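The listed protein sequences derive, respectively, from chains Y and L.
Be aware that the first sequence starts at 139, since it is given in my numbering, and climbs by one per residue.
Be aware that the second sequence starts at 87, since it is given in my numbering, and climbs by one per residue.
Derived by calculation from the structure, the hints in this document are not laboratory data.
Every value quoted in this text rests on a predicted model; they were computed, and no experiment measured them.
It is possible that part of the hints are untrue.
Restricting the straight-line Cα-Cα distance to at most 25 Å, the calculated cross-link-like pairs of lysine to any residue (SDA-like) are [what the hints assert, rightly or not]:
| # | chain 1 | residue 1 | chain 2 | residue 2 |
| --- | --- | --- | --- | --- |
| 1 | L | Lys845 | Y | Phe453 |
| 2 | L | Lys602 | L | Lys789 |
| 3 | L | Lys845 | Y | Gly452 |
| 4 | Y | Lys455 | L | Arg851 |
| 5 | Y | Lys350 | L | Glu1191 |
| 6 | L | Lys293 | L | Ala271 |
| 7 | L | Lys852 | Y | Arg477 |
| 8 | Y | Lys455 | L | Gly896 |
| 9 | Y | Lys455 | L | Pro904 |
| 10 | Y | Lys419 | L | Arg323 |
| 11 | Y | Lys396 | Y | Thr420 |
| 12 | Y | Lys350 | L | Pro895 |
| 13 | Y | Lys396 | Y | Glu382 |
| 14 | Y | Lys350 | L | Arg483 |
| 15 | Y | Lys419 | L | Glu333 |
| 16 | Y | Lys455 | L | Gln920 |
| 17 | Y | Lys350 | L | Gly896 |
| 18 | Y | Lys350 | L | Pro904 |
| 19 | Y | Lys350 | L | Gly782 |
| 20 | Y | Lys350 | L | Ile779 |
| 21 | Y | Lys350 | L | Ser820 |
| 22 | Y | Lys350 | L | Gln1199 |
| 23 | Y | Lys419 | L | Asn336 |
| 24 | Y | Lys419 | L | Gln1199 |
| 25 | L | Lys852 | Y | Phe453 |
| 26 | Y | Lys350 | L | Gln898 |
| 27 | Y | Lys455 | L | Arg818 |
| 28 | L | Lys279 | Y | Asn274 |
| 29 | L | Lys279 | Y | Arg405 |
| 30 | Y | Lys216 | Y | Arg237 |
| 31 | L | Lys279 | Y | Asp333 |
| 32 | Y | Lys194 | Y | Arg405 |
| 33 | L | Lys789 | Y | Gly452 |
| 34 | L | Lys845 | L | Gly896 |
Some residues of chain Y that are not near chain L, with every Cβ distance over 12 Å (derived) [to be verified]:
| # | residue |
| --- | --- |
| 35 | Phe188 |
| 36 | Thr199 |
| 37 | Asp334 |
| 38 | Asp374 |
| 39 | Lys466 |
From the three backbone atoms N, C-alpha and C, an ideal C-beta is built for every residue, glycine too.
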Amino acid sequence: MKSMLGVCLGLTAAAAITATLWWGAPVAFAQQEEERPLFRVKVDMVVLTFTVTDSKGRYQTGLKPKDFRILEDGIVQKMNTFGEGNKPPVQVLEDGSTRPILAGGGTEAPPTPSGVDPRTDAFVGTNVFVLFDTSNYMYRGFVYASDAIADFIRGLDRADSVAVYTFSRNLSRAADLTRDRNEAIVGLRRAVAGDDAALYNCLLLALRDAAKVPGRKVIIVFSNGPDNASMVAPDDVRTVAEDEGIPIYVISTSDVNKDPISTNVFRRISTRTGGQVYFAKTWQRQVEAFESIRESLGNSYTVTYYPQPNPNEGFRKIDVQLVSDPGKKFRVRARPGYRPGREFE
Amino acid sequence: MRLSSFLVLGCVLAIGLAQAQDAVSRARQMESSGDTAGAARVLAEAAQAANASEASLAAVAEFLDRHGNSGARTAYEKLIGRTSDGARKRDALRRLVLLDLQAQDNAAAGRHLEQYRAAGGQDLPAALPSWSQSEAMPVIEIPGPVFSFSRMAALSPDLKPEELLPALARNIVTNGYQASSSQEALEQTEYLKLVFRYLSQARELEKLSGADKTIRIETCESKETAEILRILGFRMRGSCGTELILETMNASRAFLTIDSGFPLAELEQVLRTNRPFTYDYRPTRAPILYGAEYWLSSREKQSGEFIDTFMGDPALCRLYLGLSKLDRETAEELRKVVPAQRLRAFAHVLDFFGGMFLIREGKLAVPGGSRSAAAWTELAGVSPDQGAQFIERLLTRDDGWLSSYFDALSRIEGPTLDYLAEPERLKRFYAALRGRVTSPGPARPVFRSNTDLMLLTTRLRVDANGQPHIPGGVEVWRDLFVKHPHGKYDGKLTRLATTWKAPDDVLEALFALCRKAVENEPLKIFMAMSDLSRKRSAALEAATVDRLARQYRALAAQYPIFTEVPSLSDAAILNYLETAAEISSIRDQGVRANVAGTFQALVGLWQIFSRNEAIPSSAAEPALVSIVDSFGKLRNGKELFNAGVSGVRTLLKAAGASEQVSEQDYVLDLLAGTAKPGDAEAHQQIVQEMVRIFEGQKLISLKMLMDIADHLDALAKGEKLNPTLFSRLTTRLSELQLPRASLTGVEKNALSFGYWTEKHIEQQRKMNLRAVVERAGADAGKLDDVREDLAPTLRDTLVGLNYLYYAPPGAQLLRTNPLFVRSHDFLGVQGTNQTWRNTEVLGTGWPSSAGGRLVGSLAGMAYALAEAEQNFLIPSREQALIWGDLVPQMILSAKIPRWWQVTPAQVHWVGLHVRLGESLAAEAMLDPARRTWLGSVLGRQAAPARTSRVTELLSAGNLPRALENITVSELFLIAGDYVKNNKDGGVLVREIQRLAQASPDTVNYQAISRAFGTPKPTLTTSYRPELLHLRTFPTLMGYSSRIMAESWESSILYYVALADEMHLPPGRLNVAIPEWTQQTVERIFATHLEDWPALLRSLRVVGKETRDRKKDQQEKAAGGGA
């Protein structure tokens, strides 16, 4: 196979506008108390995306903020905004009622500690990063995969943005994040076949890019599974996704029983980040998988909140409770938690 | 009245003149102190004044010229308009002519040339020459656009048309064919099959494109629509209109469509909107040497298109590749004399070893010149005066041995060549190299297998007495061959060794060993020993060389440590070897890993501090001896911890730290490069990046460890327990998670290594120091024992500090895997002993590990870390992958040196040399004598074909293309040669000389080599940066392009010249060079492993982007100001 292929367009990632809170201002981070430079725990506004399904896997829509209770390490959180599917988010008031916050909504934006105005397109729709495996492992299904991804891009909600990245040994930014479907498809159709597969290295790089973008974002990995070139372990990448709140959806073109290690890893990284895994060997199954992801994006809820004071600098467990479901008939799928970031003082 | 007017006027003029002079001298002072931006401002203000003096105008013009500013031309124009001084005017006009040519403004150059001559200038021609374009080569046509063909054939689209076929030939030779499992013949690889399939599809599309070679689809319903979709392998889903979607119908065709970059999405869009689609489908026109007829047999001429025949015959491709490496005159001579069919049989030899052939007036230039001509005649059987026949003999004589010998000697010059080309010696060493059985020759494998020969001839040192340097003397080598430590190197040589008396005897044996295909240890030992003694003031003693030679197999990776400080004594070196042996003898593997890790990490820090002159050379040896001594006879972890703490204190003391400083902070300062930075912002930026990684790795600071150690002492004296201290440590360590806690049974079984590193991490996780201390109470003995628990933590901190220094820009691994440092495996996979071996990357591809890690000693950690990180770089261009062997060396060159000690004058000196080199190239377009001179200087570095190409391009008036073929280090050398021989050579030369006179200690070629050289661990057994000015090496068996990468010295010189142009203070180099390096790597678009022109192109792209960014910023600032 050719050894030097891959399109790269260079993402000019938008600067993250997530607000930042500094908890316990004079308290320096951990061990470095008397030394320079100081680190502090940095808690961005948490963006939490989740879905609610019944026992048959049917999405439950139309739920309201007051139907949910968000806990972080058991501490009840105060919702800042609430959104369903691709509808514009609404501000959640003290009493649990809501009011529109987007421009034209006739109300003021909810206050944010850093003064960031959330009335922006960034909070409408989902930023979808498609990570397309173009390594040798995908050689045979390359064109069908390309077709399936193109279909998926065309079918995305108007409010969604999409970026197309391809990878073999290195990452290639085939199309930057855009709402122009044609632009994304042009990038996709220029993807070229490569050689080795460094799935987890490239997933990490895609996550780093996605983390810079404000609003809701997901990564969809389209891969055959094997990785023969990565230096990072899947669970280290999964940790980054958890911390950044980016669900990972995986469409594996491999047989579920053929590669048990990849299968388990795919299950783990998708479940732990609030995403889902699909094993879709045929083109038809791939299309169905994409349809399911689209449905999941359209039927998910997105909540933002600024965490209540919490001394825990390690992993913070998130629990989304459905107040209106005492019988626990419904299932909430969300990431299990995150680790707050650390930054220089 | 009149008198008073004159007086007033005189006073005004005098004041103006004084002000101008003041501005000029102020600017000069600012420039000298490194504030070039300030100097530029002052001069610009002075020049803009209404009464600007001639002196200030001249100062501005020359300042801008010296700093490569494009405004220099305007400034010179202004000066010319004002000055009445004839000499000054001539000087300015001369510079203008050359700057015009560099700016490709030939009209202005012609105008200024006329003015120059009118002003009395004599040394340039009266008018611009009528530059003749070089003779156009015949061309062949390849179906489809060049863009698509390049994608399919893995060729860089930046290639010039004449480079297309040689590059294709190389790819066919290296990637096009493979051994067949079922038959003797070679079979096509998938790569080549796809190229052929693409050509077939391209031909179908070409038919569709009609006479004007444009594919036209008028509407969605046209009959051509169905045809093009059939060819492309797609079909329409949905009818014409907005619902239409193109989907795969024929997977093979569709793959080619996408892989070749056909604008499918655009076609789809046009069909959806029912607009016409047009696509330029003109064929690729590739110039071909001698025309297509020359290459084909009469049968082949009948059989179809040239490109199919060409790609279908790897021997033909090899021949094409070989001939394309010759300079035009040599190739033509060879073509006239030797039939293509005969050359084809020896194409592999011509390809690998023909690049240095040079025929002029029918005669071949031989290494050693006329003195050696007779010996070469004897060896080849034909006189070099019969150039083509001589080459034919070289190629056909002994399966390539004589050619490889000729090639290796052609690449060197100076005393080493004088020595080796002595006629009798020339024949003797050839006989040794050739041996009795000549097959297989050195051109048979995929890479040149004469690596050892090239390294030996390149690195052999000849002493002042004209004799080769034999480290330790002949006796050492005789003993080594006779009483070899690991079995005989060669039976015959072992017998002969007893008779050795002279250096030539040793060298003869080394030449004989060069023909061996197996690992050539004696030669490697010889080169390492030569390198160790190269910079030393006192030669190594014979006993030391003997010991080093005998321990080479086990400890070779450690030897670069001894070249960091050339004054290191024999005793210190032997002491190190002794301690290494002691550590190796520790039976408990966990303890051995901790001792080796702590020891190597301290020595690693010593290396860094010594290299950066943070530890003065006088204090370097005592510090190393102190560390080494304290690790000699360790019995337990407690002693290890104490040795580690004492090592840190020794290093800090040697670096001049006061006792009050925070150990952690001071070490970080030193790792950033200096404790007294000239540029605090850059320094802080580097420190912050290191702290980020330190935090990401959850390491324990030195200060905390020292505090705990001190507190244990205090507890023994009855002080109260400080629980905070211990809880901080516990909290920190509790954050550690064993790698992949959620491993399944299958995954665990897939693990093949890592037992000891996991145990090491687990030991720290489980440590409850506070409980241990509480149990110890005030018992001094028990409290002392607590230190044992801290030893693994101290090891990780010290190892981590080494990682911080060498972390490449971005450092994804160190940011993502919090156990990366702790996972460093000092033992290696079960059954291997890698404690002292070179650092390796292990665990790539996740199923075999919990992420990759580094294994072995810390000796080669900088390279291994760069190797591990390189795949996180994101190529900015399609088809570009990160270049495996080159990129780690580039990262190494940006991370090992620090430029805090560099002076503004040194930066400017490099910038001036590069600009002078370019200016001399411009002058060579006008002046044939200058062109000849430039060719002769360039020829010392470049192969004849490239040298001829450059002079051809210059005589054709094509400066940009000529400069694309000259590396930055060659420009530097050209300028250096010119300065040496021309005392009065204009503004650039004057400034170079002025700087050298003003700071003779720091502004000279040796100091510049130290300041802006690159580390070359493989070529010189040293990480100390230096410039060697070697010819760029080809790819070599066993090293791929690693040696080529080490011989590449242009990047840093280019960046320094760029920094000079950008007016960056020297301290900023510490931040800018790693950033520019990353950008350069991401922009390289190479076709093959010797494609250094691609690297040069990438450097220039980064330079242009940097300049454009600065220009944008300035314009924005000016706009904002307005």
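For this structure, which hints from the list above don't hold up?
2, 6, 8, 13, 14, 16, 21, 24, 29, 34, 37, 38
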